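Could you put the whole structure together from the sequences, leaning on the hints where they help?
Number of protein chains: 2
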Amino acid sequence: MSVLVVGSIALDDIETPFGKREGILGGSASYFSIAASNFTGVKIVAVVGEDFPDDHLKMFESYNINLHGVKKAQGKTFRWQGRYGYDLNEPLTLGTYLNVFETFDPVIPDDYSQEDYVFLANIDPELQLNVLDQVKAPKVVALDTMNYWIENKPLELKKVLERVNVLIVNDSETRELAKEPRITRAARIVMDMGPEVLIVKRGEYGALLFSRDGIFWAPSYPLEEVVDPTGAGDSFAGGFMGYIAGNEIQDIVGFKKAVVHGSVIASFTVEDFSVDRLVLLKKEEIETRYQAFLKLSNLD
Amino acid sequence: MSVLVVGSIALDDIETPFGKREGILGGSASYFSIAASNFTGVKIVAVVGEDFPDDHLKMFESYNINLHGVKKAQGKTFRWQGRYGYDLNEPLTLGTYLNVFETFDPVIPDDYSQEDYVFLANIDPELQLNVLDQVKAPKVVALDTMNYWIENKPLELKKVLERVNVLIVNDSETRELAKEPRITRAARIVMDMGPEVLIVKRGEYGALLFSRDGIFWAPSYPLEEVVDPTGAGDSFAGGFMGYIAGNEIQDIVGFKKAVVHGSVIASFTVEDFSVDRLVLLKKEEIETRYQAFLKLSNLD
Chain H
385 MSVLVVGSIA
395 LDDIETPFGK
405 REGILGGSAS
415 YFSIAASNFT
425 GVKIVAVVGE
435 DFPDDHLKMF
445 ESYNINLHGV
455 KKAQGKTFRW
465 QGRYGYDLNE
475 PLTLGTYLNV
485 FETFDPVIPD
495 DYSQEDYVFL
505 ANIDPELQLN
515 VLDQVKAPKV
525 VALDTMNYWI
535 ENKPLELKKV
545 LERVNVLIVN
555 DSETRELAKE
565 PRITRAARIV
575 MDMGPEVLIV
585 KRGEYGALLF
595 SRDGIFWAPS
605 YPLEEVVDPT
615 GAGDSFAGGF
625 MGYIAGNEIQ
635 DIVGFKKAVV
645 HGSVIASFTV
655 EDFSVDRLVL
665 LKKEEIETRY
675 QAFLKLSNLD
Chain U
385 MSVLVVGSIA
395 LDDIETPFGK
405 REGILGGSAS
415 YFSIAASNFT
425 GVKIVAVVGE
435 DFPDDHLKMF
445 ESYNINLHGV
455 KKAQGKTFRW
465 QGRYGYDLNE
475 PLTLGTYLNV
485 FETFDPVIPD
495 DYSQEDYVFL
505 ANIDPELQLN
515 VLDQVKAPKV
525 VALDTMNYWI
535 ENKPLELKKV
545 LERVNVLIVN
555 DSETRELAKE
565 PRITRAARIV
575 MDMGPEVLIV
585 KRGEYGALLF
595 SRDGIFWAPS
605 YPLEEVVDPT
615 GAGDSFAGGF
625 MGYIAGNEIQ
635 DIVGFKKAVV
645 HGSVIASFTV
655 EDFSVDRLVL
665 LKKEEIETRY
675 QAFLKLSNLD
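Chains as they are written, first to last, in our numbering: chain H, 385 to 684; chain U, 385 to 684.
Hints in this document: simulated from the structure, not taken from any laboratory.
Please read all numbers here as calculations on a predicted model, not as lab measurements.
Note that beta-carbon positions come from the ideal geometry of N, C-alpha and C, so glycine has one too.
Some hints here could point you the wrong way.
[Stated by the list, open to error] Each pair of labels, with its calculated beta carbon distance range:
{"id": "1", "chain 1": "U", "residue 1": "Gly598", "chain 2": "H", "residue 2": "Asp517", "range": "41 to 51 Å"}
{"id": "2", "chain 1": "U", "residue 1": "Glu608", "chain 2": "H", "residue 2": "Gln458", "range": "45 to 55 Å"}
{"id": "3", "chain 1": "H", "residue 1": "Glu609", "chain 2": "U", "residue 2": "Glu540", "range": "45 to 55 Å"}
{"id": "4", "chain 1": "U", "residue 1": "Glu546", "chain 2": "H", "residue 2": "Met385", "range": "53 to 63 Å"}
{"id": "5", "chain 1": "U", "residue 1": "Tyr481", "chain 2": "H", "residue 2": "Lys679", "range": "29 to 39 Å"}
[As the list claims (entries may be wrong)] To give a feel for the contact side, a few chain H residues facing chain U, derived at Cβ under 7 Å:
{"id": "6", "residue": "Tyr470"}
{"id": "7", "residue": "Asn473"}
{"id": "8", "residue": "Pro565"}
{"id": "9", "residue": "Pro606"}
If you want it as structure tokens, here you go:
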């Protein structure tokens, strides 16, 4: 089974303590789709500008990523400029230029509308609802969002939450959405809004998976090389949803394994700028690191 | 085998979103010793003032904690005043009154000098060196320190690090001590300074144990009830060292189990103010939560 992603494709200018890059491939749908392509075929719905390099499009296609839903619009591609300090956690945003993304109105092509696995990356909840109205009967819908939408479109966000199976957010988003500082209580409140599964991303501290079966803690491998954290969250989501779609996962043990695979893929993403590490990734490397992740929390 | 702790006994004024307490029992040696007493006998070296309630001393003794090394000095007991916000992570220090702790000069009684297991809580590295000169041939010496000593007594701290087996610090202390932001590299640099084992405490995100055998990640149970985080780190150290001393641990699997026991004890400490939850703790509760911790990162 393939997975459908609706999100952004961007050109980023990034500065970290380890280097500086201009106009590199970025955006939630880019990271997600290359991450997911390790496990399954991917279909993207996104928009790019006239300046978007054809080489990137060819690269996507070479990873079994269907671009039928990617529209080329008049104007420039969405651009984000960010700088990371030594703690490598929160970036300082130096500039956000929505460009063609400003009028993004996702249209799901007919040949995408039967998809069973759907990921709604972090965009306006109204657009996310719009997408859900265009897909027939998906088995697993996962959603990302952010504080901005929690604060500015709470009603639309609640409507879309009622229709998703998996919510993938970070600690502070979970707490803010629930209006409750204690994470386990917050998780219960958020799950009452709709999602059967809540995944709380904690960056270098791993991820928590909440479900009716309890809590699972996926560690994040303490990395030697962190060059650029951009795209870690979207790669996590891509590894997670790709694994679920590729293996048609329905049970909780499968979901746990999918979370660990998400962490594994994200741990590669941050080793280089843009998707530079991801595009070199081999099946054996994923398996080796997956085993290392499991060993990390093993007593024996 | 019992464990020797050198640290502070304090009376704290604490405010959290869940309440306010004045003059409650605090200090590193207090939390450490009650935590450790779940697994072994404890000997404290510390100083209290004339205002220190006899009831607290009797309470310690009822937990098999030897107070022979606790000196009553003229003046008032060390007092810390702190306030926690909703994130419950870093407290705001409202006041620190060293009082009798200002001239604390730890003297190890003769009947303490043969101890095999020693914990040097977070005090001036010069005093920590002083203590090490007074103990004969300890098997395991563990040490806590903080950014203040890393910045202000780097030479003394390095001298004491050469003589300890286990360093227990947090993320930022590890990075600052190593002058290296990447935690795995920082860990190697710190271990080259002396300790064979480095434990990096990460609060609600668990703890990492670094040793020659690799990395172990102990999760921290996502808590429903966090009332007062004060003393979590010292309780962690107490659970860890108490478990090691009580079971005469020498192997790495034992150290891993000790880290999980440290996390377990700390998870109880934060459920109430002061040592109020710790003094009620039952063996079965420890075992039940220990199993829950292990289950947390279990795939099946």
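Open item on the list: Flag every earlier hint the structure violates by its number, smallest first.
Closed with: When the structure is compared with the hints, numbers 3, 5 and 7 turn out to be violated.
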